[in-house]
Amino acid sequence: MTKKALETQDLAIGYRRRSTSDIVLARDLELELHRGKLVGLLGPNGVGKSTLLRTLAGMRKTLAGRVLLAGQDLAKLTPLAQARRLSIVLTQAPQPNLMNGYSLVALGRHPHSDWLGRLTAADHQAVAMALKAVGAEELADKPLAQLSDGQRQKLMIARALAQEAHVMLLDEPTAYLDLPRRVETMKLLKALARSAERAILVSTHDLDLALRSCDQLWLMSEDGIVTGAPEDLVLDGKLGKTFEAPGITFDTRFGTFISHRPRGPQVRVIGGGDQVRWMRRALERAGYRSSEEATLIEVGHHPNDGAGRWRLRMNSASSRHKTIQAVLEALESERP
Amino acid sequence: MSQLAGKPVHRNATDAIWASQSKAPAADKALGSEFAGARPLLLLLLMTLLGALLLLSLALGSASIPVDQVVGVLLYGEADQQAWTNIILKFRLPKTLTAMFAGMALGVSGLLMQTYFRNPLAEPFVLGVSSGASLGVALVVLTTGATGGALLAGLGLAGDLLLIIAAGLGAALTMSLVLFVAVRIQSSATLLLLGLMFGYLVAAMVSLLLYFALPERIQAYINWTFGSFSGVTIAQLPVLALIVLAGLLLSAALSKPLNALLLGEDYARSLGANLDRIRIGIVLATALLASAVTAFCGPIAFIGIAVPHLCRALLASADHRLLMPGSCLAGACAALCASLIAELPGNNLVLPLNVVTALMGAPVVMLVILRQAQGKL
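In order, the protein sequence lines correspond to chains A and B.
Position one of the first sequence corresponds to residue 1 (our numbering), numbered consecutively onward.
Position one of the second sequence corresponds to residue 1 (our numbering), numbered consecutively onward.
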């Protein structure tokens with residue numbers, strides 16, 4: 001048995017209503033988080049990801065069942081005891097005035113410091129380690145007001161790390177970040193799960209990133225939560241089913257969602273490599289079906305042709321174009 | 001410290017290995033120094049300023065007394081002239097100490113309210129303390145018969161005491177009500193709105209009483225709303241001092257959770273703060289501080305809102321372990337300044353206290369709002 005940092009027993013989550021019956025978002029949940037593992041929580045909007053995270057974090061009462069932190073009932077722990085076992089990072093990084101990166105991360109030592117929050121040498125060491133672990137040492141002296149969303153979120157993760165709790169729950173921490181920052185954050189979380197032996201649960205809408213970085217996925221839909229290795233969930237179709245929507249299908253080959261196949265004229269693209277792959281995508285986007293067999297329309301890739309790398313053959317007429325856009329425009333002008 | 005039980009820094013081997021990869025920074029950082037850029041030494045400056053203002057407040061007034069004579073009275077109980085000793089011990093000392101305690105209470109309770117409600121415009125009276133006190137005073141001044149007659153003179157000791165009791169009861173009742181709500185309602189925004197609504201409600205009742213009251217009595221009520229540090233006798237002073245000290249101690253104990261609250265309630269809770277206990281602590285401390293001031297000095301405006309802003313700007317810190325003593329000292333300084341200016345030294349004319357605090361405080365609040373709009377604070 002690995003170390004169960006967090007588990008749920010018959011957990012039901014949702015909202016209590018005084019007059020009507022409770023709104024149950026999910027019930028009979030038996031979930032586990034293990035130290036050293038990064039788990040991604042995926043699911044469509046409004047399915048209750050945040051409610052689940054907030055329930056696991058003790059910020060919301062369970063409707064039924066229990067949440068156990070290292071075997072102890074979360075509901076019976078004091079806020080202080082909870083804080084020593086569980087840390088959180090929320091979507092929006094707060095921006096308090098007159099504080100710098102170091103003081104923000106140092107707040108993570110609150111569960112361990114005395115009544116005045118005085119930091120001992122060991123506390124300072126934990127803060128320095130956390131800053132180093134997320135690669136934010138250079139942000140320590142910067143006022144928070146001067147930092148970007150991504151930098152502040154990085155510091156919030158460092159703060160959660162400095163808290164030295166075995167479980168870390170993150171509610172869409174990358175929602176406001178640009179793509180490189182999102183990749184960086186997920187890589188960081190994966191590395192932290194390993195190096196600091198944290199049990200990390202992160203909710204996200206970045207399917208691709210989650211598939212690449214998480215050890216396990218929790219797929220949340222109205223029918224409940226299914227868990228498993230990302231690859232298994234892709235192959236048995238559960239991932240596709242969770243996000244199914246009209247006009248959107250999951251492409252198990254690439255692990256991405258695509259719009260339904262277009263129904264326009266067929267185009268055959270001849271050649272290989274990046275250029276051709278992106279040409280196929282462009283054609284699909286413009287409503288053409290890419291074909292492997294001979295068709296009326298053909299696009300050839302000739303990288304060394306000075307007059308234009310793309311040769312478009314259509315209705316036995318041939319033309320050369322320098323860019324993908326030019327090809328699309330030429331096709332468009334001939335379309336009835 | 002790190003050997004204390006229940007304070008593990010590295011729980012197991014893995015944490016320790018991870019820890020060993022990083023060197024420890026310089027230890028023994030002074031209190032609050034991790035809020036870099038802060039200027040904790042300015043607290044000493046504030047202390048010096050407070051000392052100077054205390055002396056000035058004893059020396060200046062309608063008759064000026066040399067500072068060495070003031071020191072003489074304080075140290076040996078007498079000055080060269082018996083009149084000076086009388087003036088200082090009977091009038092200026094109670095007034096000065098009252099101003100000091102009131103200023104401390106207003107500065108600190110303002111800080112509590114601004115941090116708890118995460119609103120730069122929150123002040124000690126947002127929960128309705130002054131409204132409750134004003135209703136108590138209005139009931140006494142505007143409706144009593146025989147005693148009301150004595151009050152009209154506005155000078156009698158019994159009258160002052162009655163006002164203090166009326167205002168104190170009004171404030172205490174209001175704060176009990178707010179506490180009752182605070183124990184049950186978890187949202188700070190709801191609490192703030194309820195406090196404001198309650199204020200409107202009570203203000204309407206006071207207006208109703210004023211509408212049907214005799215003009216002379218209305219004047220007596222308005223005199224109370226001007227605020228004054230001179231109404232407290234040396235015998236009543238210990239009561240004020242004790243309540244204020246209790247409130248200040250409670251506030252000091254809240255410094256750490258208030259720092260956590262800078263990140264919002266969700267994060268504060270996740271850092272181990274017991275929000276229920278903290279909310280009640282904050283409301284209780286504010287109740288003690290603001291009620292004591294209102295009961296003994298009337299509704300003193302602006303000091304409570306302006307002082308915390310001044311302190312944050314002065315100390316360049318959001319750390320409540322600095323802001324608490326800072327607001328305490330700066331509040332006392334502000335109140336003493338206001339009191340000095342209101343007395344118009346060398347003159348028998350005395351300006352209403354609230355006129356002075358607003359004239360001093362409003363520009364500060366304006367400046368802070370403008371600076372915030374420019375993203376400087």
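Please keep in mind that the hints were generated in silico from the structure rather than gathered at the bench.
Note that the coordinates shown come from a computational prediction; the quantities given were computed from them, not determined experimentally.
Treat each hint with caution, since some may be false.
From the structure, some residues in chain A lie toward chain B, with a derived Cβ separation under 8 Å [stated by the list, open to error]:
{"id": "1", "residue": "72"}
{"id": "2", "residue": "75"}
{"id": "3", "residue": "107"}
{"id": "4", "residue": "117"}
{"id": "5", "residue": "135"}
Note that beta-carbon positions come from the ideal geometry of N, C-alpha and C, so glycine has one too.
> Can you list which hints this structure breaks, lowest number first?
Replying inline: Of the numbered hints given earlier, those the structure breaks are 1, 2 and 5, listed in rising order.
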